[in-house]
Amino acid sequence: MQTGWSNETLREIFPAIWDGFLVVLQVTLVAGIIAVVLGLLVAVGERNGPVWLRRPLGAVFQFIRNTPLLVQVLIVWTATSLYINPDWSAFAVGSTVLGLHYASYTSESYRAGIDAIPKGQWEAATALNLPGHRVWGAIVLPQMFRRSAAAVGNWIIAMFKEVPTLFIIGVMEMIAEARAFQGQHYTGAVEGYTLAGLLFLAASYPVAVAMRRLENRLAKSNY
Amino acid sequence: MQSQTTEPIIEFDRVDKSFGDLLVLDELSFRVDPGERVTLIGPSGSGKTTILRLLMTLEKVTPKADPEREGGVVWLEGKPYSHMEKKGALVPANEKWLRQRRSRVGMVFQQFNLFPNMNVLRNVTEAQVHVAGRGKEEAEAKARDLLELVGLAEKTGEYPSHLSGGQQQRVAIARALAMDPDVLLLDEVTSALDPELVADVLAVLRDVADTTSITMLCVTHEMGFARDVSDRVMMFDGGRIVEQGAPDAMFSEPQEARTQDFLRAVLAE
Numbered sequence: 001m002q003t004g005w006s007n008e009t010l011r012e013i014f015p016a017i018w019d020g021f022l023v024v025l026q027v028t029l030v031a032g033i034i035a036v037v038l039g040l041l042v043a044v045g046e047r048n049g050p051v052w053l054r055r056p057l058g059a060v061f062q063f064i065r066n067t068p069l070l071v072q073v074l075i076v077w078t079a080t081s082l083y084i085n086p087d088w089s090a091f092a093v094g095s096t097v098l099g100l101h102y103a104s105y106t107s108e109s110y111r112a113g114i115d116a117i118p119k120g121q122w123e124a125a126t127a128l129n130l131p132g133h134r135v136w137g138a139i140v141l142p143q144m145f146r147r148s149a150a151a152v153g154n155w156i157i158a159m160f161k162e163v164p165t166l167f168i169i170g171v172m173e174m175i176a177e178a179r180a181f182q183g184q185h186y187t188g189a190v191e192g193y194t195l196a197g198l199l200f201l202a203a204s205y206p207v208a209v210a211m212r213r214l215e216n217r218l219a220k221s222n223y
Numbered sequence: 001m002q003s004q005t006t007e008p009i010i011e012f013d014r015v016d017k018s019f020g021d022l023l024v025l026d027e028l029s030f031r032v033d034p035g036e037r038v039t040l041i042g043p044s045g046s047g048k049t050t051i052l053r054l055l056m057t058l059e060k061v062t063p064k065a066d067p068e069r070e071g072g073v074v075w076l077e078g079k080p081y082s083h084m085e086k087k088g089a090l091v092p093a094n095e096k097w098l099r100q101r102r103s104r105v106g107m108v109f110q111q112f113n114l115f116p117n118m119n120v121l122r123n124v125t126e127a128q129v130h131v132a133g134r135g136k137e138e139a140e141a142k143a144r145d146l147l148e149l150v151g152l153a154e155k156t157g158e159y160p161s162h163l164s165g166g167q168q169q170r171v172a173i174a175r176a177l178a179m180d181p182d183v184l185l186l187d188e189v190t191s192a193l194d195p196e197l198v199a200d201v202l203a204v205l206r207d208v209a210d211t212t213s214i215t216m217l218c219v220t221h222e223m224g225f226a227r228d229v230s231d232r233v234m235m236f237d238g239g240r241i242v243e244q245g246a247p248d249a250m251f252s253e254p255q256e257a258r259t260q261d262f263l264r265a266v267l268a269e
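One line per chain: the protein sequences are A and B, in this order.
Note that the UniProt record's numbering has the first sequence beginning at 1, numbered continuously upward.
Note that the UniProt record's numbering has the second sequence beginning at 1, numbered continuously upward.
Next comes chain A alone, as it looks inside the complex (with noise of 0.2 Å):
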């Protein structure tokens, strides 16, 4: 059993790890989905949904928020095999998973967005009769979506570096491939886990860099 580097090793497991890498891309995609909207929908229905509806959504994600996402993955995942269809993919329930766990902390990010705006316009657009339509379209969320952006994108970024929870389910992302690839040939972890923790920064660096500098240039704009 072969103990040190071996740059033979890394190339031989390079493969495997970027299927992983693009399972890892195509789960941010599908889950970032959901945290972006989902968040978008719970931030406005708290804020202005059916009264009866605040306080259980508030609760619910309020729960999801202080409860770790490896254990919902693991409840999620074993009540949807042994209840509702076994046939459901690792893949789809990871991603709904993780992509809901993220929509509670980006919902906040928007809540504050929206809190941001000051109650003089709301009392100025009903001075002016506006349609619900027209104070949540043309008024609040156009200055939210600045506000919040940066926050947004930074959760979205922090999900990214958290796909690898699936591998406890079976999502075969970047450390589920090292391991499968370690578990067939008997070497490769420490290639595999550092080609991975790589490939995470080359990915969520740029991003990183692009957001703050988003996050400036909408300091500077007119509102």
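Be careful, since some hints might not be right.
What the hints assert, rightly or not - Calculated cross-link-like contacts (lysine-lysine; reagent style DSS-like; alpha-carbon spacing at most 25 Å):
{"#": "1", "chain 1": "A", "residue 1": "220", "chain 2": "B", "residue 2": "155"}
{"#": "2", "chain 1": "A", "residue 1": "119", "chain 2": "A", "residue 2": "220"}
{"#": "3", "chain 1": "B", "residue 1": "155", "chain 2": "B", "residue 2": "136"}
{"#": "4", "chain 1": "B", "residue 1": "155", "chain 2": "B", "residue 2": "142"}
{"#": "5", "chain 1": "A", "residue 1": "119", "chain 2": "B", "residue 2": "60"}
{"#": "6", "chain 1": "B", "residue 1": "60", "chain 2": "B", "residue 2": "79"}
{"#": "7", "chain 1": "B", "residue 1": "96", "chain 2": "B", "residue 2": "64"}
{"#": "8", "chain 1": "B", "residue 1": "86", "chain 2": "B", "residue 2": "60"}
{"#": "9", "chain 1": "A", "residue 1": "119", "chain 2": "B", "residue 2": "96"}
Keep in mind that the hints were calculated from the coordinates and are not lab data.
Once you've looked at the hints, dock chain B against the given chain A.
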């Protein structure tokens, strides 16, 4: 002044308004005639701004058990406004009723409250298009006329953050007037402005008062403006009317000690 012959455009009938334990308006009754200019004066906390906010439906009156007998209702243009008729009885108005009625009223705020994500032109056209149902061209033409009136014809493409407070407030006046309200509410519209910017805003409002027949209710500490523009001055304290009358009489010979003290304090500033 009030007359018994014309139907009032606004009537407060024994209106109560409290915030928690704090009673802000106490059985308040008064009427305003169409086209009348009324200035509300009084110490802060006397309920003046609450009156305007009730008229803009930003607050609700404190409901009474039997509005037919006990009042507690605001009337606008001869119809209930804070309330609505349901099976022959007056019940607190719902949002649908308010949506139908509140377009008759416009308001200009102390803090301007322009929409910062819209340029000047869109601030003035937004409600015209989406509330009054006017076409884009008609709304823009009207907006340009009004911006001309307030002296900001060249600023149509600017965003509010690039305007001075006085300019923002003049846009806010144009925005309110664009909806052709019958009643214009002015809530301390110069209080947040630097002194050198106050004159321009007041000049615009004098112009509006001179050239339209719009009913105006004005909360202000600008006594010179109140004297020139208003038909009637109402002095408030503790949620009640202390004294009211024509501005000349009110300012030169106030009858009540509280009015005298208040005017002395304000005019000494």
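Cross-check of the supplied hints:
1. A:220 with B:155: holds (20 Å)
2. A:119 with A:220: Answer holds: residue 119 (chain A) to residue 220 (chain A) is near 23 Å, not above 25 Å.
3. B:155 with B:136: holds (18 Å)
4. B:155 with B:142: holds (15 Å)
5. A:119 with B:60: holds (17 Å)
6. B:60 with B:79: The hint holds at about 16 Å.
7. B:96 with B:64: holds (21 Å)
8. B:86 with B:60: holds (18 Å)
9. A:119 with B:96: holds (22 Å)
Checked against the numbered hints given earlier, the structure satisfies every one of them.
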